[in-house]
Amino acid sequence: MKSFRFSKRTSDAIAGYVLLLPFLIVLVTVVLYPLIQGLYMSFHNWGIFGDPVYVGLDNYRQLWTDSNFRSSLWHTLYFVLLTTPPLVILGLLLAAGLNYPFRGRTAVRGMIFFPYLLTVSIVGIVWRWMLQRNYGLVNYYLGKLGAAPVGWLAEARTAMPSIALATIWWTVGFNLVVFLAALQDIPEELYEAARIDGAGPVKSFLRITVPLVRPTTMFVIIMQVIASFQVFGQVFVMTGGGPYGSTRTVVQYLYEQGFRYFRMGYASAIAYVLFFIMFVLTLIQWRIMGRRGQ
Amino acid sequence: MSAVRRKMSWGRVFGTLLMYLIGILWVLPVLWMVSTSLKPESMITQAVPRWIPEVFTLSNYQGVLERASLFKWLLNSVIVAVGATVGVLIIDSMAGYAFARVNFPGRDVLFMMVMATLMVPAQVTMIPLFFMLNEASLLNTHLALILPRLGVAIGVFMLRQFFLSLPQELEEAAAIDGASRYRVFAQLALPLAKPALSALAIVTFVWAWNDFMWPLIAISTQDMYTLPVGLSTLAGYYGREYGIQMAGAVIASLPVFLVFLVFQRQFIQGIALTGLKG
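Which chain is which? The protein sequence lines are A and B, in order. The numbering of the first sequence is the working numbering, which starts it at 1 and goes up by one. The numbering of the second sequence is the working numbering, which starts it at 1 and goes up by one.
Just so you know, the hints here were simulated from the structure itself, not pulled from any lab data. As the structure is a computational prediction, the values presented were derived from the model and not from experiment. A few of these clues could be false.
[Claimed, not checked] Quick partial rundown of chain B residues pointing at chain A, CB under 10 Å, derived from the structure:
| id | residue |
| --- | --- |
| 1 | Met19 |
| 2 | Trp32 |
| 3 | Met33 |
| 4 | Thr45 |
| 5 | Gln46 |
| 6 | Ser69 |
| 7 | Phe71 |
| 8 | Lys72 |
| 9 | Val109 |
| 10 | Leu110 |
| 11 | Gly151 |
| 12 | Leu188 |
| 13 | Pro191 |
| 14 | Met213 |
| 15 | Ile217 |
| 16 | Gln245 |
Think of the CB as a built atom: it goes at the ideal place given N, C-alpha and C, for glycine as much as any other residue.
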């Protein structure tokens with residue numbers, strides 16, 4: 001009896017590692033090793049030709065004084081601020097509106113969600129066309145309201161808000177789906193009771209929906225901030241970081257340094273600063289998620 | 001339900017109309033893309049835009065297919081997305097099952113470690129990966145695009161949660177019948193996990209399909225571009241030829257549109273389960 005139990009435990013242990021092995025090998029190869037290698041690279045002047053030269057913390061020191069890097073941080077923060085509130089609030093409002101039964105509800109959900117499935121370059125080229133100065137649809141309809149045409153993506157003042165607008169159109173459907181899942185956990189009786197008490201839709205939204213989806217809202221906010229912080233594709237396709245670097249975000253700058261000028265060590269340092277920021281944001285998220293679990 | 005119907009207030013009517021309006025607003029850019037793609041170039045840049053083209057033409061489609069290797073890019077995207085999806089399903093289901101159901105020393109520590117890697121932004125590993133794949137002469141290959149996708153731990157987490165929710169008695173019964181761990185996994189647990197697997201499959205497929213930054217870096221020749229990267233170059237080459245660009249965009253959206261029509265439910269489920277952005 002005793003030897004049987006022992007052998008089962010051993011065979012279980014073997015089975016566990018055998019089943020885990022393929023994933024662990026990949027994880028070590030494409031995540032853990034590169035993670036350490038990246039840190040190592042960030043302490044070097046690392047180009048595509050010639051041997052890397054150890055420079056200690058110089059890359060980080062240089063980042064601290066690099067005005068382009070600083071401005072890219074601000075641009076990223078600006079983008080996060082432009083996109084997060086609308087994406088969270090609109091996502092929740094749309095989810096609430098699409099949680100009520102009405103004819104064609106599934107179709108409307110699909111219509112709002114669909115852009116999320118489009119690849120970022122489609123989003124980019126469609127919005128470049130929509131926002132085009134002379135023949136763009138946006139300027140045409142604004143012109144009907146009496147506004148002068150604007151070169152949305154060509155002017156530093158409007159370029160980032162335009163990218164933010166395209167992003168909101170693109171990804172709000174994702175938050176909508178996450179909020180919908182949370183709304184479906186709220187018992188219908190609560191709304192029923194509120195209705196009997198004479199509460200209108202606005203009141204029951206504010207008094208029932210908002211407090212009860214709070215944990216989801218916190219989760220969505222953090223996920224959104226993390227996603228927005230890593231913005232790249234929209235910028236790359238719509239403006240390429242211009243005009244005059246006014247939409248150059250952290251990841252765009254990392255791309256330019258690493259893969260246009262092949263300053264791999266410097267780009268690695270940028271990546272690690274980004275990682276640090278993400279890390280702090282994720283810790284905050286875990287705190288909140290932990291609280292949600294209780 | 002009848003009570004709901006009876007209480008159909010003006011507020012509800014207004015709310016419903018508002019939802020219709022927003023839905024229409026949201027598809028307008030897509031409709032405009034299709035409309036533009038069907039117009040001759042001379043009618044695209046008109047002072048008064050028309051939603052329904054006065055003259056329909058397929059010349060933009062012909063143009064984009066002649067000048068860009070769209071089908072080649074499409075094929076590359078299919079290979080990469082399918083490869084990543086199949087790979088993720090295999091290794092993640094094995095790992096997810098091990099974490100959920102098999103007792104082995106160090107399991108919980110390993111699981112914490114795997115979950116911690118979810119915090120690593122993709123941009124951090126991109127630069128070293130570029131070097132590693134370069135040294136292995138794997139840059140500019142499909143494998144270079146598939147491999148990094150396989151290291152994303154979210155699927156392991158998702159499937160572990162699913163396997164945890166299965167009743168333990170099933171496996172105990174099988175174990176008493178003398179079935180090995182591997183057989184229980186392959187013949188019992190895996191078939192039961194179909195809903196979770198299909199949700200993970202569809203989410204992985206779309207994320208791999210839409211991946212942009214990594215293929216932009218890892219691919220250097222035109223014939224190896226995936227659709228997203230190839231399309232982004234159209235904007236550069238044919239900056240003012242919007243008809244060509246829109247035709248390319250329409251062709252590139254079609255496969256995703258079809259996948260969405262067929263798998264809408266699984267996709268929504270996948271997002272609700274992972275709650276993560278690509």
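Checked hints:
1. A distance limit of 10 Å between C-beta atoms decides the matter here; for B:Met19 the minimum to chain A is near 5 Å, and the interface restraint holds.
2. With its C-beta approaching chain A no nearer than about 6 Å, B:Trp32 sits inside the 10 Å limit, and its interface hint holds.
3. Annotation: interface hint on B:Met33 holds; nearest CB of chain A at approximately 5 Å, less than 10 Å.
4. At its closest, the beta carbon of B:Thr45 sits 5 Å from a beta carbon of chain A; the interface hint therefore holds under the 10 Å criterion.
5. Given hint, B:Gln46 at the interface with chain A, holds; its Cβ is 7 Å from that chain's nearest Cβ, closer than 10 Å.
6. Interface restraint check for B:Ser69: the shortest CB-CB distance to chain A comes to about 15 Å, outside 10 Å, so the restraint is violated.
7. With a least beta-carbon distance of about 16 Å to chain A, the hint placing B:Phe71 at the interface is violated under the 10 Å criterion.
8. Annotation: interface hint on B:Lys72 violated; nearest CB of chain A at approximately 16 Å, more than 10 Å.
9. The interface hint given for B:Val109 is violated, since its Cβ lies 12 Å from the closest Cβ of chain A, which is over the 10 Å cut-off.
10. This hint holds: B:Leu110 has a C-beta 7 Å from the nearest C-beta of chain A, less than the 10 Å allowed.
11. Annotation: interface hint on B:Gly151 holds; nearest CB of chain A at approximately 4 Å, less than 10 Å.
12. Against a cut-off of 10 Å between C-beta atoms, the interface hint on B:Leu188 is violated, since the closest Cβ of chain A lies about 14 Å away.
13. The criterion of a C-beta within 10 Å of any C-beta in chain A is not met by B:Pro191, whose closest approach is roughly 16 Å, and the hint is violated.
14. Evaluation of the B:Met213 hint against chain A yields a held restraint, the C-beta minimum of about 5 Å falling below 10 Å.
15. With a cut of 10 Å, the hint placing B:Ile217 at the interface with chain A holds, because the nearest CB-to-CB distance is about 5 Å.
16. For B:Gln245, the interface hint holds, since its Cβ comes within 10 Å of a Cβ in chain A; the closest pair sits about 5 Å apart.
In summary, the numbered hints that this structure violates are 6, 7, 8, 9, 12 and 13.
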